[in-house]
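*Asks:* We have chain A; now place chain B onto it with these hints.
Quick mapping for you: the protein sequence lines, in order, are chains A and B.
To convert a position in the first sequence, counted from 1, into our numbering, add 67.
Residue 21 in our numbering sits at position 29 of the second sequence, and the numbers go up by one each step.
Be aware that a few hints might be false.
Said to hold, decoys possible - Straight-line C-alpha distance at most 27 Å; calculated DSS-like pairs for lysine-lysine: (1) B:Lys178 to A:Lys467; (2) B:Lys326 to A:Lys111; (3) A:Lys133 to B:Lys326.
Note that these hints are calculated values from the structure, not bench results.
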Amino acid sequence: MKKFLALALVLVMVFALAACGANKADEDTKAADTEKTADGETIKIGFIYLHDQNSTYDRNFMEGAKEACEKLGVEYIEKTPIPEGNECYEAAVDLVNQGCSLVFADSFGHEEFMIQAAEEYPEVEFCHATGTMAHTEGLANFHNAFASIYEGRYLAGIASGMKLNEMIEAGEFKPEEAKIGYVGAYTYAEVISGYTSFFLGARSVCPTATMEVQFTGSWYDETAEKNAAETLIERGCKLISQHADSMGAPTACEDAGVPDVSYNGSTLEACPNTFIVSSRINWEPYFEYIINCVKNDEAIDTDWTGTIATGSVVLTEVNEKAAAEGTVEAIEEAKAKLEAGELEVFDTSTFTVTVAEDKNQKATVDDEGHLTGYNADVDTDEAFEGDTEVVEDGAFKESKFRSAPYFDIMIDGIETLNAKY
Amino acid sequence: MNKTAAAKEKKTREPLFHIVKKSGIVWWKAWLIRIAAVIAALMVVAVITLVMTGQNPLEMYKAMLDGAVGNSTRTWNLLQDTALLLLVALAVTPAFKMRFWNIGAQGQVLAGVLATTACLRYFTDKLPTPLLFVVMILCAILAGAVWAVIPSIFKAYLNTNETLFTLMMNYIAINLVAFFCFRWSKNSGNDVIGLINRKSKVGWLPEIGGNKFLLIVLTVAVLTVVSFIYLKYSKHGYELSVVGESENTARYIGINVKSVVIRTVILSGAICGLAGFLLVSGVHHTMTTEVEGGRGFTAIIVSWMAHFNPFYMILTSFLIVFMEKGAIQVASSKNLQLDDNFSSIVIGIIILFIIGCEFFINYKIKFKSKNKEEEALKQ
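Same shape as in the complex, but just chain A (with noise of 0.2 Å):
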């Protein structure tokens, strides 16, 4: 015994040796760097991703981060995969010590390990994707950020309204029989957001359109999202659309022949005949822009949404050979109007909500089943108490109270398959 304790303590000798090495080395390279950039402009940013870039959630921020650091000249770190947990905690307070003065992370579930960190470091600052607490949390170094991606949604929408179209002029199939099929996460008020702007996009060009929507229950399972997409397909559905961050639902539909209307880019290569086109979050403006406050020691916006006009919000090329003839000029023309203000998403006046016992207890409805009010829970609590009015002037502003999506109405010609999530 007494022989093994030995040999594990030299062991943990040479351990700790080496380690004193490698301490050295990496203060070196330190110095190396502070001489380059004499000016006292080094500046290193942190990023933590959920998982590595096989994920399209996650090669969508690490796509945006390199281009932001590369085009401002930034040294950066990234840390992948960094799991909703503790983990998280340590990977900023890892970044912060190897002197990183702002750290971002890209997961929901990040976002209080996050604030941890950041009571633990007030001179760093903290920013967030998806996140719906810096704007009660009252800390000057934690910021959340999103995207208006229901306009991006939208658009997508009419560019799925146009090819039901086509395929009903064709006979394919008769105008009530135009359902399309979604595939969601969770019942959250993200993917609901998400596919409710989708679908009145869609219904917009195409009046008879219906919708179903099968919930996987998991931000990423491709085999939950390939099924579901084959239910919905088996279903009747014409065309599909996802929330989900796998290739499940586009394999699906290249199988079987349905067109698909993608999300987080383009799943072209995969799918060249039925893929359509895609909408996603451009992060690069975001990352250029508090790189920047940091740069020039400016306060960063304590929840930021960035929009078409930002360059946020972008939709893919269309896929000429699946989308239906004029779908650009359409998309074009509606995000036109969607910038110039013209065009509300969620104009009460286009959907009908019906108010039940178990569903839509927030909202107001009108005689006709047009909003008139709903008291959205924008402050986080646990028991999801409304707090805030959210429909102004004739429409459900979303985004406008806080970044992160709060429209959680299940409104008239959606049907949800299994609730359950």
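*Replies:* This is chain B only, laid out in the frame that chain A set:
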């Protein structure tokens, strides 16, 4: 007659080498083999790194070291995670020593996690803090034990396959946790609970002298010693090793096999439950399906590699956590174009070598010796 028999023999059995079990090996020889295996593994990894990725392997090893012990926070994190992995390894050891293949540690830890989280949610306002801790610990231990005892009862009375049974119990636990993540989510319709009692920090494991890692490390250190004594010097420890060696022998000398099996597995589950408590109250302060972090399975490697000796397990768990921590740094290092998948390959190769070298410790390879051949010919 003799000649033909010899010729026949020569034709039929002429293996190039054969394997012989070593009866015993001097301790330093065994360790020499192990160290040689690690060095060989590092060299193979270096070659693979260079050939497959074109990256500098020395740079990679440096990043690994830096990631594991690069500064004091990293070192403390390393020690804490080593302690947590070691604790789960301590939990699975008695059952494995008894040849009860409990691969359900993941589920048992998650049962403890779920119980602790439930206590935090429902009793934070109702109980004074010291009592809350007592309730949390007891509930977590109970939950882990219950999760383990179900398969063990079936094993003891119906002789069901405990490997499959405990594995399936994992899935039930994971999905229960997923269900409650959704139920207790802080935003409607999502699955994120968030930090529990973030502002008040009620039910968070206390810091010792401003160090939040120390209590976990000390707890596990004490339990390591206790479990060494339990396994080596207690009557229970003796009984379970006899059951492991041969159930019939155990029966013959009057050991109640059923009760030993159930008792030992309960112990396993209880320690797993305790690990679940530490993970929630001491580390994550939240619940997700991933808080267990794969420790339930990694612990089996830790335990096996250490030949079920709790003190050796300190070394094996340290080694594995060291590499895992290093891997994160490798993936994030700007000097290297490697991601965490490659780090996993590296860890896999190193573990494979370490496990593989046990073969050379336990067995000898005897090559076909020329002398014997000649002797055979002479005959």
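*Asks:* All hints are to be evaluated individually against the structure, with a verdict given for each.
*Replies:* How the hints compare with the structure:
no., hint, verdict
1, B:Lys178 to A:Lys467, "holds, 21 Å"
2, B:Lys326 to A:Lys111, "holds, 12 Å"
3, A:Lys133 to B:Lys326, "holds, 12 Å"
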